[in-house]
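Chemist: Since chain A is already given, all that's left is putting chain B on it; use the hints.
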Amino acid sequence: MAKRRWGRPLLALAVIALVGLAIWWLEYRPQGGDAVGVGGGPYGPVDLPPGLVTAGTEVGPRTGMLAPDFVLPTLDGRDLRLSELRGQAVVLNFWATWCSPCRREMPLLVGAYRQFRDQGLVVVAVNVQEDVESARRFAREFGLPFPVALDRTGDVTNAYRLLGLPTTFFIDRDGVVRSVFRGPFVAPGQGKDVQEAIDEGELGRRIREVLQ
Amino acid sequence: MALPSAKSARPALSLTGPLRTLWWLLQSPRWAAVVTGVVALVALLGVLLPQLPFWARGDPAAEAAWLAQQRERFGPAAEWLWRLGLLDLFHAPWFAVALGLLVTSTVAYVVGRLPGIWAGIVRPRLRVPDSYFDTAPHRLRAAAAADVDALERALRRSLYRVVRFPEGAVTYLFADRFPWAAFGTLLGHGAVALFVIAAAVGSAGTFDTALLVAEGQSRPVLPTVASPRQMLVKVEDATGRFDPQGTPLDYRTQLVIYRQGEEVKRCQVTVNSPCSYDGYRFYQAAYFGYGAEVQVRDMRSGDVLYRETLALEFQRPAPFVRARDASGNVLFEGTVPVGEPLRLDLGQGPTDVSLAYLMVGGHSYLLGLWQAPDQGPRLLVASGDPSGGVVIGEGGRAAAGGLEWELVRVDQVPAARVTGFPLPPGREGDSALLQMTDVAYGTANASEGGRVPVAGLPGMPTLYLLGVSERPLALRPGQSAQVGDYEYTFVGQREFAGIQVRRDRSDTLVWVATGLLMAGLLMALWLPRRRLWMRIGPTETKLAVQGWPEVGLRREMERLLARAGVRADSRGGEDA
Numbered sequence: 001m002a003k004r005r006w007g008r009p010l011l012a013l014a015v016i017a018l019v020g021l022a023i024w025w026l027e028y029r030p031q032g033g034d035a036v037g038v039g040g041g042p043y044g045p046v047d048l049p050p051g052l053v054t055a056g057t058e059v060g061p062r063t064g065m066l067a068p069d070f071v072l073p074t075l076d077g078r079d080l081r082l083s084e085l086r087g088q089a090v091v092l093n094f095w096a097t098w099c100s101p102c103r104r105e106m107p108l109l110v111g112a113y114r115q116f117r118d119q120g121l122v123v124v125a126v127n128v129q130e131d132v133e134s135a136r137r138f139a140r141e142f143g144l145p146f147p148v149a150l151d152r153t154g155d156v157t158n159a160y161r162l163l164g165l166p167t168t169f170f171i172d173r174d175g176v177v178r179s180v181f182r183g184p185f186v187a188p189g190q191g192k193d194v195q196e197a198i199d200e201g202e203l204g205r206r207i208r209e210v211l212q
Numbered sequence: 001m002a003l004p005s006a007k008s009a010r011p012a013l014s015l016t017g018p019l020r021t022l023w024w025l026l027q028s029p030r031w032a033a034v035v036t037g038v039v040a041l042v043a044l045l046g047v048l049l050p051q052l053p054f055w056a057r058g059d060p061a062a063e064a065a066w067l068a069q070q071r072e073r074f075g076p077a078a079e080w081l082w083r084l085g086l087l088d089l090f091h092a093p094w095f096a097v098a099l100g101l102l103v104t105s106t107v108a109y110v111v112g113r114l115p116g117i118w119a120g121i122v123r124p125r126l127r128v129p130d131s132y133f134d135t136a137p138h139r140l141r142a143a144a145a146a147d148v149d150a151l152e153r154a155l156r157r158s159l160y161r162v163v164r165f166p167e168g169a170v171t172y173l174f175a176d177r178f179p180w181a182a183f184g185t186l187l188g189h190g191a192v193a194l195f196v197i198a199a200a201v202g203s204a205g206t207f208d209t210a211l212l213v214a215e216g217q218s219r220p221v222l223p224t225v226a227s228p229r230q231m232l233v234k235v236e237d238a239t240g241r242f243d244p245q246g247t248p249l250d251y252r253t254q255l256v257i258y259r260q261g262e263e264v265k266r267c268q269v270t271v272n273s274p275c276s277y278d279g280y281r282f283y284q285a286a287y288f289g290y291g292a293e294v295q296v297r298d299m300r301s302g303d304v305l306y307r308e309t310l311a312l313e314f315q316r317p318a319p320f321v322r323a324r325d326a327s328g329n330v331l332f333e334g335t336v337p338v339g340e341p342l343r344l345d346l347g348q349g350p351t352d353v354s355l356a357y358l359m360v361g362g363h364s365y366l367l368g369l370w371q372a373p374d375q376g377p378r379l380l381v382a383s384g385d386p387s388g389g390v391v392i393g394e395g396g397r398a399a400a401g402g403l404e405w406e407l408v409r410v411d412q413v414p415a416a417r418v419t420g421f422p423l424p425p426g427r428e429g430d431s432a433l434l435q436m437t438d439v440a441y442g443t444a445n446a447s448e449g450g451r452v453p454v455a456g457l458p459g460m461p462t463l464y465l466l467g468v469s470e471r472p473l474a475l476r477p478g479q480s481a482q483v484g485d486y487e488y489t490f491v492g493q494r495e496f497a498g499i500q501v502r503r504d505r506s507d508t509l510v511w512v513a514t515g516l517l518m519a520g521l522l523m524a525l526w527l528p529r530r531r532l533w534m535r536i537g538p539t540e541t542k543l544a545v546q547g548w549p550e551v552g553l554r555r556e557m558e559r560l561l562a563r564a565g566v567r568a569d570s571r572g573g574e575d576a
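Respectively, the protein sequence lines represent chains A and B.
Counting in the working numbering, the first sequence runs from 1 upward without gaps.
Counting in the working numbering, the second sequence runs from 1 upward without gaps.
So here's chain A without its partners, still in its complex pose (with noise of 0.2 Å):
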């Protein structure tokens, strides 16, 4: 009798979890090519080594936080981990190929790097989810004579909060953001040059209030 009283209840349920199943088949479940090479294993964000977290000071990406650290593959095939930057300035710059500011941008940051390198200067250039030959080729052709982390996921990207892109990001020695700037610094062409642009502009001030 409890059988032939629930039967139809429980088939009505059982069609709507067919029907549920079906759904999820055709049009969630996940396909295949999603799985990425270089992404996850040892890159994306790291917890900074308990040496480097000074007391007091949070991590986070904004100003008088420390700098997240992360682990991240080079266009040269090294990996490169932010916290092993500590001791020098570092200008943070995310981009991608795609995102015109950013183009504009570069030949400043090219620029500020040659100037100001001798002074404990690094750029470290942090392409956002594109493939390692659109970034190769652009580095070819704009001369990036710093290094280009590949962050494929976009986990590292997600960590800093991005809004959008360009946005850089002022580490001074001790790892500590000093100043984010979202937008692309106002580059060459003005009437004035790539060195002007620097020297004037926000690039400049902010690099030199980093390594001080």
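Since the hints were derived computationally from the structure, they do not count as laboratory data.
Predicted, not measured: the structure shown is a model, and the values here were computed from it.
Please note: incorrect hints may appear among the correct ones.
Quick look at which bits of chain A chain B covers, simulated, 3 or more residues with Cβ under 8 Å [what the hints assert, rightly or not]:
1. 54-60
2. 74-82
3. 102-115
4. 120-133
5. 139-153
Computed Cβ-Cβ distance ranges for the label pairs, DEER-style [to be verified]:
6. Leu-48/B - Val-46/A: 41 to 51 Å
7. Ala-40/B - Ser-179/A: 19 to 29 Å
8. Leu-41/B - Ala-17/A: 24 to 34 Å
9. Ala-210/B - Ser-179/A: 30 to 40 Å
10. Ala-17/A - Pro-115/B: 40 to 50 Å
11. Glu-141/A - Pro-223/B: 22 to 32 Å
12. Leu-48/B - Glu-200/A: 18 to 28 Å
13. Asp-250/B - Glu-141/A: 29 to 39 Å
14. Glu-200/A - Glu-63/B: 30 to 40 Å
15. Glu-72/B - Gly-51/A: 48 to 58 Å
16. Glu-141/A - Ser-273/B: 26 to 36 Å
17. Leu-211/A - Asp-250/B: 55 to 65 Å
Which chain A residues face chain B? A few, computed with CB under 7 Å, are given here [as the list claims (entries may be wrong)]:
18. Val-15
19. Ile-16
20. Trp-98
Ideal Cβ positions, reconstructed from N, Cα and C, are used throughout, including at glycine.
Modeler: Leaving out everything else, chain B in the frame of chain A:
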């Protein structure tokens, strides 16, 4: 103690009653009508009120920015609309509950009737009381005994299943045809439920965006900066073919789709043949053939300052002129791009004149083009002071500076004003005017015509950069020119592909639901279901029939009896 007796006196708590009531309610057509009405009303609200866009969902910053826009539009009411879920209606929990109730109700209806229909198919009522032959709504009688064997053969030929029960002198017979067609209505109900689900899924997850991508470049699909689901679309080759009249024949693009830096799909798309990946469809939506890749290098450092593929999306007039010497030899023939209009007084009042310098035979000439009211285009040619020049109309000729000049026609050349273009240090301004001549619209070697008149002579294009120096720079593909410390290079003409990216999670469901609905309608309306009982006695034959459609049912049964050698009485049961 009184506890045991109190316990025994209390009626046993049974969940069966409420659950049975719920089951009955879910199967009720009235309940289904109420739920359908509520869902329809809410869906209408969802159409009338703006809904949180797909790309902002899950991104607190984007969500807050969108909500701020709604506050400007609705004022304080925006807060209440948001809290009630009316601004993200199709994702509100209560909407999901309403849809769930509707789907559950439909499924309950189907499931509730399924066993009865199933039993009717596999265990049909083979015998009916004799009295039924006199009371059935659709019945026939013949005053003679039918030939049972002939009757059975006729029924089987008409795809009936036949069961015979001989009882003495009387033979009872049961036959039915297409009994499973009764499932048709249930399939229809199932289709309705699936349509509801598809609508909910579609409203929740539809995504649509258009990307204009140059050859060799890529664009992100989603508007978020970084996302595990982000995809990049790279155009490896864009092709546009046109007939001599400029009518498009074919647009196609070789695409590569990347996710998290990995190539996940490589395909060719056309307007009607999209490429699919992860539920997204990539269509060719447009083609644009006037692109120019330009590079600027600082020669002091060797660094590239600028490298972009620019869409020359505007058209500017440019005179096509011919210059001959005194012997009639053509010294120059071609399109001359002119600069932005300047207000000049050429003796006929202030006029907006576009100027260009042209070197012919080692001499510099000033050309000025303007549109004279009611007279068409006019070209000024001067070898020195503009006031001493000659003015030529379209098709006209005049002598200036020792040459005979002819304004053959006025072309429209693709152009773009590019702001932020690197100008040599010391040069004022922040933009350049780029124009391209001698360029055919459409992929090289595949196009003989153009959507706009072909500017100049078909062949290798020339890119003119106006504004970077005193005189325009004219560059062929691969050519460079140095101005001050900067080197300008026209890397080459590039084509653009307009790619439409769409995701509609509901499309498969809609197809399945449509299939179910079609199958259900065919089964229910096309296949004539029949169930008949017969009593064949020594002197008479009686027949009772149920079936759908009922139209022509009586005539069909009369023909059946005729094949068994009997003729139905004129009186009998009702017929449809």
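Chemist: Decide, hint by hint, whether the structure agrees.
Modeler: Comparing the hints with the structure gives:
no.	hint	verdict
1	54-60	violated (count 0)
2	74-82	violated (count 0)
3	102-115	holds (count 6)
4	120-133	holds (count 5)
5	139-153	holds (count 7)
6	Leu-48/B - Val-46/A: 41 to 51 Å	holds, 49 Å
7	Ala-40/B - Ser-179/A: 19 to 29 Å	violated, 54 Å
8	Leu-41/B - Ala-17/A: 24 to 34 Å	holds, 29 Å
9	Ala-210/B - Ser-179/A: 30 to 40 Å	holds, 36 Å
10	Ala-17/A - Pro-115/B: 40 to 50 Å	violated, 19 Å
11	Glu-141/A - Pro-223/B: 22 to 32 Å	holds, 26 Å
12	Leu-48/B - Glu-200/A: 18 to 28 Å	violated, 53 Å
13	Asp-250/B - Glu-141/A: 29 to 39 Å	holds, 32 Å
14	Glu-200/A - Glu-63/B: 30 to 40 Å	holds, 39 Å
15	Glu-72/B - Gly-51/A: 48 to 58 Å	holds, 50 Å
16	Glu-141/A - Ser-273/B: 26 to 36 Å	holds, 33 Å
17	Leu-211/A - Asp-250/B: 55 to 65 Å	holds, 57 Å
18	Val-15	holds, 5 Å
19	Ile-16	holds, 5 Å
20	Trp-98	holds, 5 Å
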